[in-house]
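Colleague: Each protein sequence line maps, in turn, to chains A and B. According to the working numbering, the first sequence is numbered sequentially starting from 5. According to the working numbering, the second sequence is numbered sequentially starting from 5.
What the hints contain is simulated information worked out from the structure, not anything from laboratory work. Careful: at least some of the hints might be erroneous.
When chains are identical, the list treats them as one kind, so a pair holds in a single copy or across two.
Claimed, not checked - For lysine-lysine, the following DSSO-like pairs were computed, each having C-alpha atoms within a straight-line distance of at most 30 Å:
1) Lys138 with Lys84
2) Lys415 with Lys84
3) Lys170 with Lys415
4) Lys9 with Lys133
5) Lys133 with Lys415
6) Lys409 with Lys84
7) Lys100 with Lys260
8) Lys456 with Lys84
9) Lys409 with Lys202
10) Lys363 with Lys13
11) Lys13 with Lys264
12) Lys23 with Lys100
13) Lys434 with Lys13
14) Lys260 with Lys170
15) Lys456 with Lys138
16) Lys84 with Lys407
17) Lys84 with Lys134
18) Lys456 with Lys9
19) Lys409 with Lys13
20) Lys23 with Lys203
21) Lys134 with Lys9
22) Lys134 with Lys260
23) Lys260 with Lys23
24) Lys133 with Lys363
25) Lys100 with Lys203
Number of protein chains: 2
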Amino acid sequence: MKNEKIPYKIYLEESEMPKSWYNMRADMKKKPAPLLNPGTLKPMTAAELGAVFCDELVAQELDDTTPFIEIPEEIRNFYKMYRPSPLVRAYCLEEKLGTPAKIYYKFEGNNTSGSHKLNSAIAQAYYAKKQGLKGVTTETGAGQWGTALSMACSYFGLDCKVFMVKCSYEQKPFRREVMRTYGAAVTPSPSDTTNIGKKILAEHPGTTGSLGCAISEAVEVAVGSEGYRYVLGSVLNQVLLHQSVIGLETKAALDKYGIKPDIIIGCAGGGSNLGGLIAPFMGEKLRGEADYRIIAVEPASCPSLTRGVYAYDFCDTGMVCPLAKMYTLGSDFIPSPNHAGGLRYHGMSSTLSELYDQKLMEATSVLQTEVFEAAEQFARVEGILPAPESSHAIRVAINEALKCKETGEEKTIVFGLTGTGYFDMVAYEKFHNGEMSDYIPTDEDLAAARAKLPAVDL
Amino acid sequence: MKNEKIPYKIYLEESEMPKSWYNMRADMKKKPAPLLNPGTLKPMTAAELGAVFCDELVAQELDDTTPFIEIPEEIRNFYKMYRPSPLVRAYCLEEKLGTPAKIYYKFEGNNTSGSHKLNSAIAQAYYAKKQGLKGVTTETGAGQWGTALSMACSYFGLDCKVFMVKCSYEQKPFRREVMRTYGAAVTPSPSDTTNIGKKILAEHPGTTGSLGCAISEAVEVAVGSEGYRYVLGSVLNQVLLHQSVIGLETKAALDKYGIKPDIIIGCAGGGSNLGGLIAPFMGEKLRGEADYRIIAVEPASCPSLTRGVYAYDFCDTGMVCPLAKMYTLGSDFIPSPNHAGGLRYHGMSSTLSELYDQKLMEATSVLQTEVFEAAEQFARVEGILPAPESSHAIRVAINEALKCKETGEEKTIVFGLTGTGYFDMVAYEKFHNGEMSDYIPTDEDLAAARAKLPAVDL
Chain A
5 MKNEKIPYKI YLEESEMPKS WYNMRADMKK KPAPLLNPGT LKPMTAAELG AVFCDELVAQ
65 ELDDTTPFIE IPEEIRNFYK MYRPSPLVRA YCLEEKLGTP AKIYYKFEGN NTSGSHKLNS
125 AIAQAYYAKK QGLKGVTTET GAGQWGTALS MACSYFGLDC KVFMVKCSYE QKPFRREVMR
185 TYGAAVTPSP SDTTNIGKKI LAEHPGTTGS LGCAISEAVE VAVGSEGYRY VLGSVLNQVL
245 LHQSVIGLET KAALDKYGIK PDIIIGCAGG GSNLGGLIAP FMGEKLRGEA DYRIIAVEPA
305 SCPSLTRGVY AYDFCDTGMV CPLAKMYTLG SDFIPSPNHA GGLRYHGMSS TLSELYDQKL
365 MEATSVLQTE VFEAAEQFAR VEGILPAPES SHAIRVAINE ALKCKETGEE KTIVFGLTGT
425 GYFDMVAYEK FHNGEMSDYI PTDEDLAAAR AKLPAVDL
Chain B
5 MKNEKIPYKI YLEESEMPKS WYNMRADMKK KPAPLLNPGT LKPMTAAELG AVFCDELVAQ
65 ELDDTTPFIE IPEEIRNFYK MYRPSPLVRA YCLEEKLGTP AKIYYKFEGN NTSGSHKLNS
125 AIAQAYYAKK QGLKGVTTET GAGQWGTALS MACSYFGLDC KVFMVKCSYE QKPFRREVMR
185 TYGAAVTPSP SDTTNIGKKI LAEHPGTTGS LGCAISEAVE VAVGSEGYRY VLGSVLNQVL
245 LHQSVIGLET KAALDKYGIK PDIIIGCAGG GSNLGGLIAP FMGEKLRGEA DYRIIAVEPA
305 SCPSLTRGVY AYDFCDTGMV CPLAKMYTLG SDFIPSPNHA GGLRYHGMSS TLSELYDQKL
365 MEATSVLQTE VFEAAEQFAR VEGILPAPES SHAIRVAINE ALKCKETGEE KTIVFGLTGT
425 GYFDMVAYEK FHNGEMSDYI PTDEDLAAAR AKLPAVDL
């Protein structure tokens, strides 16, 4: 097996790196539903969005017709610091599993942010700088996005204010310290530095916070500060656009060796990694040029695609953001405290939601103990300690490879390995000590959260 | 500057990876002094060493005539999981410094052990497996070597017992947890599981341990357990041999673009990284084919080359190991508790000591606050959070680049970036909070430690 011509790691040359991002929406016949103004229930205009987001990012957010958008040279130069990322042939994992399947993973963890999040962070920081802004605000949960944005802002000399979900802030002091190394100001959320934070603290004393709440605080500070805008690390169309660099590199690397994948697998929280990884493949599917099985993997404890509803919902707890049509569990939904790592957002990218609704991709959910089993198995043979988020994709890739073992099919499986787990050792420790539990929300839990969906009927 | 043909990262093809390690000693006219039996003061025989180390590693340890030793295919395949490592052109750092110098760094941190240590760990585990052993024992200080060995043992299905210096064990629970992910048993040292540990605990109650002490415990367990041998992550000739893969790749990458370095810089604790990085360059120097400035950088708090003596000394606190002739501070020397990270061994590789004594390389020492300043500056522009150890080399590379700025010289500087600092955030936090201090041992401190050197006069 090891004598095949395909190397362990396929690296593109710098000259082969993508020069444009790919915008899936341009090839969708039925487009994702627009963001709505929560007051008027009319589609958000560029002017309205411009109060919150950078102008050029607003243009990208609203553009559902241009298939390729050029990557500015400054961003391409930054990408060269840590990209192209390797497409790895998982020879050792295949051998360990005894599967005839061919497994590849696109590894995005070889940068200090530890994940793919840097791909969009640097783009958003660049446009903020270009607009002459002083700084940006954001939220972070597990900490990967906040770290990535800190790095990007440090590079362009922008101020960076991060609201970090309080339970993560307390459990992950090292994440906070990395952000400080890059000069960011990190505030645990909910905080008493914002009106919405004070309100949430008053209503829920002792709350350990949620992404939805941290988003509300970050938006409030951005809108209320001269020269600041808010940036978001997932869910939005612009983020999926920037992350398409993952999929474009993956496809270029596969094409170089004439490899056509059968199955493409990615973990899905807000959809940034999955949307980026699948972009060019989904493009072929949308244009009728090729077919692939595409699988979104989400935690059983936060199952927006597999158990949510497709409806307009608030993007944040404080209801200060536009409404988005998406698969959602309701903006009040917070995964059980025993849930480790990210993938804890109540909703899902509108684009991915629409593609899922059109049955162009599948979704499945997995239990976290099964996820950590896969993570450990993978670490031992592939030498990379995966992030809990990424390990959701590993779990399903292993499951599919084991199915091939039963049937004898030599399927080609590609999955996204979004990042590393260096800052998730508390969760690994729980797993090693047998203290990790699983959680599946009951139908009653979900119904209660859904009851608070806004009444939008278009 | 960015339009030059040299890419940000030079990756070799798998086919260009070294197939042999390079043994500097073969080209040394005056060889490093042999290890001595502490009882007889005679050179250690292969049979004597074989009680502690694997047979094939003993052969490598004693071989000072064979210049190239083939890398077994199994090891080369493992190397392909995470090698070749990139040789990075530090364009962003150069721009930030405004220097005409051209700076390159060989980055060894893109693997889960987080450092170059894996290069030798996998080799040592391979030979242990080949010899049919059940397992190996070792010590670890900052934790990089223990992590690397855990990964390597997990890959070959060997048992792995790690004695971790107690202060690191307590300060770095996440390091311990990574080792557990790879199935290693980790014991804080000194422990009550060995005779030497009990003795040290009795003599120094409340001690937080040292590398020298952990080595003694690991050797005791290896020698006393059927089917076990001891392995070491630095200092030894065999380790420098395996680590030559760093230098060989570096040289191949430079040669590909016709680049000849003027200065080569590496941090030096026991010498594993420095010895590996400089190997082929020193080879050219030894054979009179080329000349390079080679600089070893050590912490001011543990200055074995710059302030030690060149003499036979014990390799460990318990005095169970052979005597080595090396630049040493005395086997009782323990760096001040405020010293962060590794590079805390009292001695230095015999080979590097001899090369230094022959004035074939320079040495300098740096203060840790200066080191962390350089680390943060580097992280902000190059996007990699460096390990404290590696940052010693960064500090001196920046200093040399700034000298070039003054003189206008376009020197080419190559340094070794041995690893990442993800598990060193406690030290970074101290630095951010202004709580980091410097320590320089007094002449009296050093004289006291030196007074205990064994009386060996050959």
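Colleague: For each hint, tell me whether it holds in the structure or not.
Modeller: Evaluated hints:
1. When the C-alpha separation of Lys138 and Lys84 is checked against a cutoff of 30 Å, the pair qualifies only within one copy, where the shortest distance is 25 Å, while the shortest distance between copies is 44 Å.
2. For the homomeric pair Lys415 and Lys84, the shortest alpha-carbon distance between copies (23 Å) is at most 30 Å, but the shortest distance inside one copy (32 Å) is not.
3. With identical chains, the CA atoms of Lys170 and Lys415 are never at most 30 Å apart, being 43 Å at best within one copy and 48 Å at best between copies.
4. Taking the shortest alpha-carbon separations for Lys9 and Lys133, only the inter-copy value of 28 Å comes in at or below 30 Å, while the best intra-copy value is 44 Å.
5. In this assembly of identical chains, the alpha carbons of Lys133 and Lys415 never lie at most 30 Å apart, being 45 Å within a copy and 33 Å across copies at closest.
6. For the homomeric pair Lys409 and Lys84, the shortest alpha-carbon distance between copies (25 Å) is at most 30 Å, but the shortest distance inside one copy (38 Å) is not.
7. When the C-alpha separation of Lys100 and Lys260 is checked against a cutoff of 30 Å, the pair qualifies only within one copy, where the shortest distance is 27 Å, while the shortest distance between copies is 36 Å.
8. In this homomeric assembly, Lys456 and Lys84 never come within 30 Å of each other (Cα to Cα): the closest approach is 45 Å inside a single copy and 52 Å across copies.
9. In this assembly of identical chains, Lys409 and Lys202 lie within 30 Å of each other by CA distance neither inside one copy nor across copies; the values are 55 Å within and 52 Å between.
10. In the homo-oligomer, the alpha carbons of Lys363 and Lys13 never lie at most 30 Å apart, since the shortest distance is 32 Å inside one protomer and 41 Å across protomers.
11. For the identical chains of this complex, Lys13 and Lys264 are neighbours both inside a copy (17 Å) and across copies (28 Å), given an alpha-carbon limit of 30 Å.
12. In this homomeric assembly, Lys23 and Lys100 come within 30 Å of each other (Cα to Cα) only across copies, at 25 Å, whereas the closest approach inside a single copy is 38 Å.
13. Taking CA atoms no more than 30 Å apart as the test, Lys434 paired with Lys13 passes in neither setting, with 32 Å inside one copy and 38 Å between copies.
14. Neither within a single protomer nor between protomers do Lys260 and Lys170 lie at most 30 Å apart by alpha-carbon distance, with minima of 45 Å and 50 Å respectively.
15. Proximity of Lys456 to Lys138 under the C-alpha cut-off of 30 Å is found in neither arrangement, the shortest distances being 37 Å within a copy and 60 Å between copies.
16. With identical chains, the CA atoms of Lys84 and Lys407 are at most 30 Å apart between copies only, with a shortest distance of 27 Å across copies and 38 Å within one.
17. Only within a single protomer do Lys84 and Lys134 lie at most 30 Å apart by alpha-carbon distance; the minimum there is 20 Å, versus 41 Å between protomers.
18. For the identical chains of this complex, Lys456 and Lys9 are neighbours neither inside a copy (56 Å) nor across copies (58 Å), given an alpha-carbon limit of 30 Å.
19. Proximity of Lys409 to Lys13 under the C-alpha cut-off of 30 Å is restricted to the intra-copy arrangement: shortest distance 24 Å within a copy versus 38 Å between copies.
20. In the homo-oligomer, the alpha carbons of Lys23 and Lys203 never lie at most 30 Å apart, since the shortest distance is 45 Å inside one protomer and 65 Å across protomers.
21. Proximity of Lys134 to Lys9 under the C-alpha cut-off of 30 Å is restricted to the inter-copy arrangement: shortest distance 28 Å between copies versus 44 Å within a copy.
22. Neither within a single protomer nor between protomers do Lys134 and Lys260 lie at most 30 Å apart by alpha-carbon distance, with minima of 35 Å and 37 Å respectively.
23. In the homo-oligomer, the alpha carbons of Lys260 and Lys23 lie at most 30 Å apart both inside one protomer (17 Å) and across protomers (26 Å), since each shortest distance falls under that limit.
24. Proximity of Lys133 to Lys363 under the C-alpha cut-off of 30 Å is found in neither arrangement, the shortest distances being 39 Å within a copy and 50 Å between copies.
25. For the homomeric pair Lys100 and Lys203, neither the shortest alpha-carbon distance inside one copy (53 Å) nor that between copies (44 Å) is at most 30 Å.
In summary, the numbered hints that this structure violates are 3, 5, 8, 9, 10, 13, 14, 15, 18, 20, 22, 24 and 25.
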